[in-house]
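2 protein chains.
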Amino acid sequence: MRAIKPYSQADLNRVINELATTLGDRINLSPAVRAQHGGGDDSYGNLPPDAVVYPFSNEEIAQIVALCNKYKIPVIPFGAGSSVEGHLLAVKGGISIDLSEMNQVIEINAADMDCRVQAGVTREALNKALRYDGLFFPIDPGANASIGGMAATQASGTNAVKYGTMKDAVIGLTAITAAGDIIKTGSRARKSAAGYDLTQLLVGSEGTLAVISEVQLRLHPIPDTIKAAVCSFESVAAAVDTVINAMQMAIPMARIELLNGLQMQACIQYSKLEGFEAKPTLFMEFHGSESSVAEQVAQLEDICREFGGSAFKWAENTEQRNELWKARHNAYHATQQLQANSKVLTTDVCVPISKLAKSILQAEQDAHASQLPCTLVGHVGDGNYHLLIVIDPTDHAQVARAKQLSAQVVDTALKLGGTCTGEHGIGVGKKDYLKVEHATAINMMKAIKMALDPKNIMNPGKIFDL
Amino acid sequence: MRAIKPYSQADLNRVINELATTLGDRINLSPAVRAQHGGGDDSYGNLPPDAVVYPFSNEEIAQIVALCNKYKIPVIPFGAGSSVEGHLLAVKGGISIDLSEMNQVIEINAADMDCRVQAGVTREALNKALRYDGLFFPIDPGANASIGGMAATQASGTNAVKYGTMKDAVIGLTAITAAGDIIKTGSRARKSAAGYDLTQLLVGSEGTLAVISEVQLRLHPIPDTIKAAVCSFESVAAAVDTVINAMQMAIPMARIELLNGLQMQACIQYSKLEGFEAKPTLFMEFHGSESSVAEQVAQLEDICREFGGSAFKWAENTEQRNELWKARHNAYHATQQLQANSKVLTTDVCVPISKLAKSILQAEQDAHASQLPCTLVGHVGDGNYHLLIVIDPTDHAQVARAKQLSAQVVDTALKLGGTCTGEHGIGVGKKDYLKVEHATAINMMKAIKMALDPKNIMNPGKIFDL
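Going down the list, the protein sequences come from chains A and B. Straight run, no breaks: the first sequence in the UniProt record's numbering ends on number 466. Straight run, no breaks: the second sequence in the UniProt record's numbering ends on number 466.
Excised from the complex, chain A in its bound form (with noise of 0.2 angstroms):
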């Protein structure tokens, strides 16, 4: 893999001797560090970006957006570095901009229910912000991503049954265009049809249209009661019946999350979890009032019990809870343990609900003919789901065996309507699949990404080719 740089060497340094003038410290030119900005938290390898930035404000975002701007240079908005698309690969040079000095919470209007953020806030360091005001920001895909980062890519995770998507939570942005124009999005504002709605179209526009610099959200109250409880099943097909049943009562389910047999042996390995079998498992989570969490838990026991499912393991306290959600976080790390010096690639397939048990029976199929190590992992009140691939990344016939089984398990998530990527985005990876899902649509995805950036110079090579 070699970055193809639309910009000359003397151009180049013209920007970074500009740019340290103006920055003095806050750029770094060192291998290490950029190579630690030249990929996420997956299996696309290494590109590392030509220097690395570390702003304070829209301000000088925009200046370094518009000095790029003029010589053509790429510019690749960092976060936490979590992504696991490819997002941060320097697929063509250029300038990495590293929000973490932007870390500010820059209000909470708690009898709103709304805050405003710096891109480079992390989602624990929001939640701790937010602790006395009885609020929490609910949106939670496992790693301790940025607000910025998690807007760019449309993340959400494991409450997103409940409260959403990133969609959702985003209520207004601050971001930077191609040209270095500041620019603010929505309002706070429940609602509003004030025109076109630029803070959607960019969340998740996977920084190809703008810098996301700050955020508007909106928060939760921290509800009165919460349980937790985890259900093992004799099959995947008797936990995802559960699953689906109880979507379609529309039992108001906070979490609700499906490990497989091999993933649960992987996490009880990895987490060290006690009293867990390694059988199909659901690990759910219940928010309300006292009384309407006693109708949830009393609906959901009915059914799994209709579906075989074990007595719930209740996690007794708050402590117990967090390690239950640790585990599950966990869950990648764990399989990645399955197997020495392994790498793992996911799938990330969402379908609607009434295909579900179809699509991952047809996945679990899959994975089998294969004869690749695989665990799966799911979201299953959205139908969404990961298949997480066990790979030695040196064996080249393995890795195309994964790249075969990824490609059918997104082929059948489009049969059934469903979408190729349900929280992590396109990326580097998935390109091709976006042309079959979305087609003649893409045409206009482009003309706008054109009129936006005429240069090409945010983060290009993602979403699609030019």
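Hints may be right or wrong, so weigh each one.
Note that identical chains are pooled: a pair holds if it fits in a single copy or bridges any two copies.
Unchecked claim - Here are the simulated DSSO-like cross-link-like pairs (lysine-lysine), alpha carbons at most 30 angstroms apart as the crow flies:
#: 1; residue 1: Lys-92; residue 2: Lys-5
#: 2; residue 1: Lys-184; residue 2: Lys-358
#: 3; residue 1: Lys-403; residue 2: Lys-184
#: 4; residue 1: Lys-272; residue 2: Lys-92
In case anyone wonders, no lab produced these hints; they're calculated from the structure. Keep in mind it's a predicted model, so treat the numbers as computed, not measured.
Add chain B to chain A, keeping to what the hints say.
Just chain B, lined up with the frame of chain A:
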């Protein structure tokens, strides 16, 4: 008011003749039909299109738009004609595309709680089609609007406080671009991170980017228990404080609507309501399980009592409930009846909940100072309200005073972090407010418009001028 037409009569004749060949009697040139398509349910007057066409399919719309694009003749999508911001005025002439013949419910996926409809299906027709599946489509702007029109204007209404707006309801679209391409956006999955969110870009784009021809909608189960009640207050401030407290306690109200004293007087007269007083009043509806509704009602009764509200007056059965909401929906017409030969100029601001009291009290003060009869009605659970200003359209001084009052209301809302339109859109009347609200972000909107509709034929003169 006169249309300024960017095309020659010869080209128009050519297009009309060609359309007549393919559409037969589904093109109408009669002055009456054209006039009926040249305005909405508002005080912006009438500018008739040159012709009205009634396509049967996506393909026919594509042909019509491609032909019009060739000759730079504007196209104006027409749903049910219930726009209130002048969206239908043919300010640059052109062809009205009436979607009323595209009125099929294409599919209902009860298990996934979604459906796909042609754009001309009205919300009442859809709810009729859904009734045997135990599902309903909650968005209710009052008028029996078409789903396509509601998507194009980002409509919402009385149920939005619980169920959200068209942004939340629409999960995918079929749309026809200016070039006459048929594109499909979104998917049936509950979430997706696959490329730019064209669905949300088109929702609320008021026909300026594409003609929406099919809509995929999220549906909801009909609640087990529905209860509606009315509570009156001694002052608007007390009623608003009640709402603010209810929202801050996150009580999941389905509807919470405010009518001020004069609005109540108008509704009592117009809808012959018995047993109501002409005082500031909240109309409320609760949805949920029996126990959840009981819990909500108890919480709300407590808050109402705290702010001096009357005892709840209950709608005892479905008939009484429907009567109540019909009276609420007729607030606009009731206001118009306050004065003979009048028109109503309506504002549509939306502010953060914590600013609602300040915003409404300022609006009432400004209304009083204007000496114009004004009613006030609002989806106050969202922070969205309408000051309805009664005007004699032949009295220019009065019209000017009404416009000034409207501008004051918007000005206050924007200063409080709100928006100039919560649900009606920009249309022809709010273009100047949009400039104040979104400043430099409008350049991004314009760049998108010019990229997707370079000849400016898609409902030109709406949202902004190029």
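Earlier hints that do not hold, by number: 4
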